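*Asks:* Assemble the whole structure, with the sequences as input and the hints as a guide.
Counting the sequence shown from 1 gives a position; the working numbering is that position plus 29.
Rather than coming from a laboratory, the hints here were simulated on the basis of the structure. On a predicted model such as this, the values are computed, not experimentally measured, just so you know. Don't take every hint at face value.
[Claimed, not checked] Result set (DSS-like, lysine-lysine): computed pairs, CA atoms no more than 30 Å apart in a straight line:
| id | residue 1 | residue 2 |
| --- | --- | --- |
| 1 | 190 | 61 |
| 2 | 106 | 172 |
| 3 | 61 | 119 |
| 4 | 172 | 190 |
| 5 | 63 | 36 |
| 6 | 106 | 61 |
| 7 | 116 | 57 |
| 8 | 134 | 116 |
| 9 | 36 | 61 |
| 10 | 172 | 116 |
| 11 | 36 | 68 |
| 12 | 106 | 68 |
| 13 | 106 | 116 |
| 14 | 61 | 116 |
| 15 | 65 | 116 |
| 16 | 65 | 106 |
| 17 | 63 | 106 |
| 18 | 172 | 134 |
| 19 | 172 | 119 |
| 20 | 190 | 116 |
| 21 | 57 | 119 |
| 22 | 119 | 65 |
| 23 | 36 | 106 |
| 24 | 57 | 68 |
| 25 | 134 | 36 |
| 26 | 68 | 172 |
| 27 | 106 | 57 |
| 28 | 190 | 63 |
| 29 | 190 | 119 |
| 30 | 119 | 68 |
| 31 | 36 | 65 |
| 32 | 68 | 116 |
| 33 | 190 | 65 |
| 34 | 57 | 36 |
| 35 | 68 | 190 |
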Amino acid sequence: MSYTFSKARGHNVGASLLEEDYCEYALKMIEKAKAKGVKLLLPVDDVIADSFSNDANTQVVEGDIPDGWLGLDVGPKTANLYAEAVKEAKTVVWNGPMGCFEMSKFENGTKTVARALADTDAVTIIGGGDSAAAVNILGFGDKMTHISTGGGASLEFLEGKELPGVAAANDK
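*Replies:* The following block contains the structure:
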C-alpha cells in the first residue's frame with residue numbers, strides 16, 4: 030500500500046508492488062487527513078532489493094526507488110517512527126505487515142512494530158492472515174489483545190457493519 034501512496038506523491042517506486050489505479054484515491058486520503066488535522070504516517074525510508082529473494086542485494090533509500098529495484102520493507106527510520114507512534118496509543122488496529130517478513134532480510138520493520146505493540150498497554154487488534162502470521166511467527170502473538178485472520182472482515186466489524194457469519198450465529 031505504501032508504494033501506491035509514494036507513487037501518487039510523485040516518487041519513482043521502481044519495480045515495487047502498487048495499485049496504480051488507487052493513486053488518485055491515495056492523494057484524496059492525504060488531503061482528507063490534512064483537512065481533518067489527522068496525522069497520516071507514511072514511510073520516510075525503505076529497504077529495497079534488486080530481486081525478490083533473501084539473497085538479494087539491499088540498500089536503504091529515502092524517496093525514489095531506482096528502476097529495477099523493489100521495496101520490500103520499511104526502513105529503520107520508518108519502523109522507529111511507527112514504534113514511537115504506538116507508544117502513546119490507547120487502541121491500535123494493525124492490518125498488514127510492514128514488509129516481506131517471511132524473508133529474514135525484510136522482517137525488521139514488521140518486527141519493530143510488533144515489538145512496540147507487545148510493549149504497549151494499548152488494546153492491540155491484529156487483522157488479516159499475513160498480520161496474524163507475522164505476530165505469531167515473530168513471537169509476539171501472545172502479547173496482542175485480539176488476532177483475526179479476517180482482515181477485511183475485522184475492518185468492516187470496526188466500521189459497525191453487520192458480518193454475515195456473526196448475524197447467522199446470532200440467529201441460532
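*Asks:* Hint by hint, say whether it matches the structure.
*Replies:* Hints and how they fare:
1. 190 <-> 61: With a Cα-Cα distance of about 22 Å, the restraint between residue 190 and residue 61 holds, given a limit of 30 Å.
2. 106 <-> 172: 24 Å, holds
3. 61 <-> 119: Satisfied, since the Cα-Cα distance of roughly 23 Å is no more than 30 Å.
4. 172 <-> 190: Satisfied, since the Cα-Cα distance of roughly 27 Å is no more than 30 Å.
5. 63 <-> 36: 18 Å, holds
6. 106 <-> 61: Holds, at about 25 Å.
7. 116 <-> 57: Holds, because 28 Å separates the two Cα atoms, which is no more than 30 Å.
8. 134 <-> 116: Since the Cα atoms of residue 134 and residue 116 sit roughly 25 Å apart, the hinted pair holds (cutoff 30 Å).
9. 36 <-> 61: Holds - the C-alpha atoms of residue 61 and residue 36 are around 18 Å apart, at most 30 Å.
10. 172 <-> 116: Holds. Residue 172 to residue 116 sits at ~15 Å (cutoff 30 Å).
11. 36 <-> 68: This hinted pair holds, its Cα atoms lying about 20 Å apart.
12. 106 <-> 68: 17 Å, holds
13. 106 <-> 116: Holds. Residue 106 to residue 116 sits at ~16 Å (cutoff 30 Å).
14. 61 <-> 116: Holds: residue 61 and residue 116 sit about 25 Å apart, inside 30 Å.
15. 65 <-> 116: 22 Å, holds
16. 65 <-> 106: 26 Å, holds
17. 63 <-> 106: 22 Å, holds
18. 172 <-> 134: With Cα atoms ~24 Å apart, residue 172 and residue 134 stay inside 30 Å; holds.
19. 172 <-> 119: Roughly 15 Å separates the two Cα atoms, so the pair holds.
20. 190 <-> 116: Distance of about 29 Å is within 30 Å: holds.
21. 57 <-> 119: 27 Å, holds
22. 119 <-> 65: 20 Å, holds
23. 36 <-> 106: Since the Cα atoms of residue 36 and residue 106 sit roughly 20 Å apart, the hinted pair holds (cutoff 30 Å).
24. 57 <-> 68: It holds: about 14 Å lies between the C-alpha atoms, which stays within 30 Å.
25. 134 <-> 36: 24 Å, holds
26. 68 <-> 172: 26 Å, holds
27. 106 <-> 57: 25 Å, holds
28. 190 <-> 63: With Cα atoms ~26 Å apart, residue 190 and residue 63 stay inside 30 Å; holds.
29. 190 <-> 119: 23 Å, holds
30. 119 <-> 68: 16 Å, holds
31. 36 <-> 65: Measuring from Cα to Cα gives roughly 23 Å; hence the hint holds.
32. 68 <-> 116: Roughly 15 Å between the alpha carbons, so the hint for residue 68 and residue 116 holds.
33. 190 <-> 65: This hinted pair holds, its Cα atoms lying about 23 Å apart.
34. 57 <-> 36: Measuring from Cα to Cα gives roughly 13 Å; hence the hint holds.
35. 68 <-> 190: 25 Å, holds
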